[in-house]
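Here the protein sequences come in this chain order: G and W.
Numbering follows the numbering used here, with no gaps: position 70 of the first sequence is 70.
Numbering follows the numbering used here, with no gaps: position 279 of the second sequence is 279.
Please keep in mind that the hints were generated in silico from the structure rather than gathered at the bench.
Don't take every hint at face value.
Since the list gives no way to pick out one identical chain from another, each pair is judged satisfied if it fits inside one copy or across any two copies.
Said to hold, decoys possible - Here are the simulated BS3-like pairs of lysine-lysine, each with C-alpha atoms no more than 25 Å apart in a straight line: (1) Lys84 x Lys35; (2) Lys349 x Lys100; (3) Lys231 x Lys50; (4) Lys230 x Lys397; (5) Lys40 x Lys342; (6) Lys35 x Lys312; (7) Lys397 x Lys66; (8) Lys231 x Lys284; (9) Lys37 x Lys349; (10) Lys100 x Lys397; (11) Lys249 x Lys349; (12) Lys40 x Lys397.
Number of protein chains: 2
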Amino acid sequence: MATKELIGNMLIAQSGGPTAVINQSLIGAVLEAKKQKQIKRIYGARHGIKGLLEEDLIDLSRETVKTLEAVAQTPSSALGSVRKKPTAEDCARIFTVLQKYNVRYFFYIGGNDSAETTHIINEEARKAKYEFRCFHICKTIDNDLRQNDHTPGFGSGAKFVASAFMGDNLDNRALPGVKINVVMGRHAGFLTAASALARVYPDDGPHLIYLPERPFAMSRFLQDVKRVHKKYGRCVVAVSEGIADRSGKPIASLFIKETDSHGNVQLSGSGALGDLLAGEIREKLGIARVRADTLGYLQRSFPGVVSANDAKEARAVGQLAVKYAATAYAHGSVAITRKTGKRYAVDYKRVPLKSVAKDTRHMPARFINAAGNDVTQAFVDYARPIVGPLPPVGRFKGLPVKRA
Amino acid sequence: MATKELIGNMLIAQSGGPTAVINQSLIGAVLEAKKQKQIKRIYGARHGIKGLLEEDLIDLSRETVKTLEAVAQTPSSALGSVRKKPTAEDCARIFTVLQKYNVRYFFYIGGNDSAETTHIINEEARKAKYEFRCFHICKTIDNDLRQNDHTPGFGSGAKFVASAFMGDNLDNRALPGVKINVVMGRHAGFLTAASALARVYPDDGPHLIYLPERPFAMSRFLQDVKRVHKKYGRCVVAVSEGIADRSGKPIASLFIKETDSHGNVQLSGSGALGDLLAGEIREKLGIARVRADTLGYLQRSFPGVVSANDAKEARAVGQLAVKYAATAYAHGSVAITRKTGKRYAVDYKRVPLKSVAKDTRHMPARFINAAGNDVTQAFVDYARPIVGPLPPVGRFKGLPVKRA
Chain G
1 MATKELIGNM
11 LIAQSGGPTA
21 VINQSLIGAV
31 LEAKKQKQIK
41 RIYGARHGIK
51 GLLEEDLIDL
61 SRETVKTLEA
71 VAQTPSSALG
81 SVRKKPTAED
91 CARIFTVLQK
101 YNVRYFFYIG
111 GNDSAETTHI
121 INEEARKAKY
131 EFRCFHICKT
141 IDNDLRQNDH
151 TPGFGSGAKF
161 VASAFMGDNL
171 DNRALPGVKI
181 NVVMGRHAGF
191 LTAASALARV
201 YPDDGPHLIY
211 LPERPFAMSR
221 FLQDVKRVHK
231 KYGRCVVAVS
241 EGIADRSGKP
251 IASLFIKETD
261 SHGNVQLSGS
271 GALGDLLAGE
281 IREKLGIARV
291 RADTLGYLQR
301 SFPGVVSAND
311 AKEARAVGQL
321 AVKYAATAYA
331 HGSVAITRKT
341 GKRYAVDYKR
351 VPLKSVAKDT
361 RHMPARFINA
371 AGNDVTQAFV
381 DYARPIVGPL
391 PPVGRFKGLP
401 VKRA
Chain W
1 MATKELIGNM
11 LIAQSGGPTA
21 VINQSLIGAV
31 LEAKKQKQIK
41 RIYGARHGIK
51 GLLEEDLIDL
61 SRETVKTLEA
71 VAQTPSSALG
81 SVRKKPTAED
91 CARIFTVLQK
101 YNVRYFFYIG
111 GNDSAETTHI
121 INEEARKAKY
131 EFRCFHICKT
141 IDNDLRQNDH
151 TPGFGSGAKF
161 VASAFMGDNL
171 DNRALPGVKI
181 NVVMGRHAGF
191 LTAASALARV
201 YPDDGPHLIY
211 LPERPFAMSR
221 FLQDVKRVHK
231 KYGRCVVAVS
241 EGIADRSGKP
251 IASLFIKETD
261 SHGNVQLSGS
271 GALGDLLAGE
281 IREKLGIARV
291 RADTLGYLQR
301 SFPGVVSAND
311 AKEARAVGQL
321 AVKYAATAYA
331 HGSVAITRKT
341 GKRYAVDYKR
351 VPLKSVAKDT
361 RHMPARFINA
371 AGNDVTQAFV
381 DYARPIVGPL
391 PPVGRFKGLP
401 VKRA
């Protein structure tokens, strides 16, 4: 299905939650497009499909390389993002707009919903016999896209989470008590699991990790905290915002009244789940110093805390999407695979849009311990190279002074 | 009051909330002590005065320079910290312990309460005619110690806050709405004010900054948010955890039931204030997308986000405290002053313990705008060199594509 000399304009857009490296993918794509002679103007749609529907487009061909490289280093979606999932009518309208601007190359950076949107738009083009190339470019800090060993954005989000727990464990060691940190991830626990990378010494936290992949029981949670607190005189806990009970009902929803317009409990941008868990510990275990923080939006957009591998790979998937579309495939998504061997190395491959769309993936069973309150060494080995080196942690030998 | 050849042991301890550079002061002091021949053993008390009262001491003389330097780079109090304010009996007991271990040099790293403790212990020694040298070593992310232009720990805490707002402003620009971030600082607004350093472009957030130094009125707050949201279609707000109404009652306490054992409302380690403000905006202004994060403990212990000046100055005050005690003064605190002139440079001076103890300082009026919802350029000029360079932010020129 090699494509040859399809001449026309290109349009690129960003969707869903921002990441620290989503602009690397954008700029990787734009710089590659500048090399491809058959691609004429390079348009960016502001706020994803919203900009497409409203014809709110900017001309990326007119940006200097200096600006492009500065944007690549900047977290969060530079074109603006959107949470809207298009209807069938929206997709038909989008296709009309693309035709109107003679867009022959379309790229959508986002998660599984964006892959689905790209697929539907491609179907519209196919039905209309409009010559068209389109690629989905993976991004999500949740790391929940199928076909991928890991997704661009996860490594940097995970680096923030691991760094946060590293510092917070030291804080908790200085002023002991129970500390709960609520981590993003409604259905997939990868980001919460990354807290395990913070451990340097055997008594380091997080001492307990709760993921949405395992049912959460309050009684069991309280037992776990009690046991750790007895052993270490302190306890650091990582909790995914999406933890749910045996029936799949989010723990947050059992106590939080607020829901969004779709009736979903709002998990991010609220400290309610952490406060709820802290309150239970205070009340049921009688531990005085209990604190909860919700790491919140910093996880996906903190400047300067970026995994070097993540930035490199995010750039590569953007670049390759354009290269594939211009020279090899009519449509698809660029997936990251991991090479076998001792040293960490990745490969990229084109996969069908449908194979990334709709369903997501979760933490595999081999990454979660039997008790469901921690991760395994296999997860740590998997995640460490994606995240890259973390700041070193020094500790005194601490030889006791003989009592006088 | 130059001291001469007082031979004996040294003891050092850390108190209060940890910072990212409190170990720089500790290691600065220890390394200087190793140079001073009259100082024999170097003891560290675990968890501040708690370790002193319980004779829980470690021998820092036996730590390698490699370990000491690794600890210096590590955030949070390596000796452990404590929130306990000693009674008069505690101070008498502490003095007995110091005598027992032939401690002639005592150093206490902490805030105004620690300066007060050091002063009381010094008084005990004076009454007992015990030859004794003691220094308080400043630290606090709150930046609220008298006599100091700024305090060690503030620069790094402020760098974290500014970075967080920088990323969060970009996030809010990508997915517009109202975003509130609650920042540490019960009585002094310096750390919240540091959010202003995040601004690069004229429309950048934080668009509103609320400090504990100015009375907070909900109606005025809602008007401010409404105005900014109308202008930019979005609004990023920095709020100090300590904002209080006209009568001085913390806003948090008006709605939060939970108090600590002293009856104080717990401000940190809870998302309640942010959730409260977000709820008011949703309800009264009818804005759909409103989120609140509480930056929490990450502000004082995040590894890798350290101001270079802050680290250097924290090291210097520790080092100088020992040098002063060994060669020049019997007691005092080391304060940071700023040299006049265009280029940022600091000086250090010995000040009396009592001049730092008890009272704290607040944001001066010239750092706060007339409306009480922002800081002035004078504050930005003051804070920028303390914090140091922040990550660069790139932005597209964004030339609109002509409608087809």
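**OP:** Against the structure, test the hints numbered earlier, and report the numbers of the ones violated in rising order.
**Re:** Numbers 1, 2, 5 and 11 - these are the hints that the structure violates, sorted from lowest upward.
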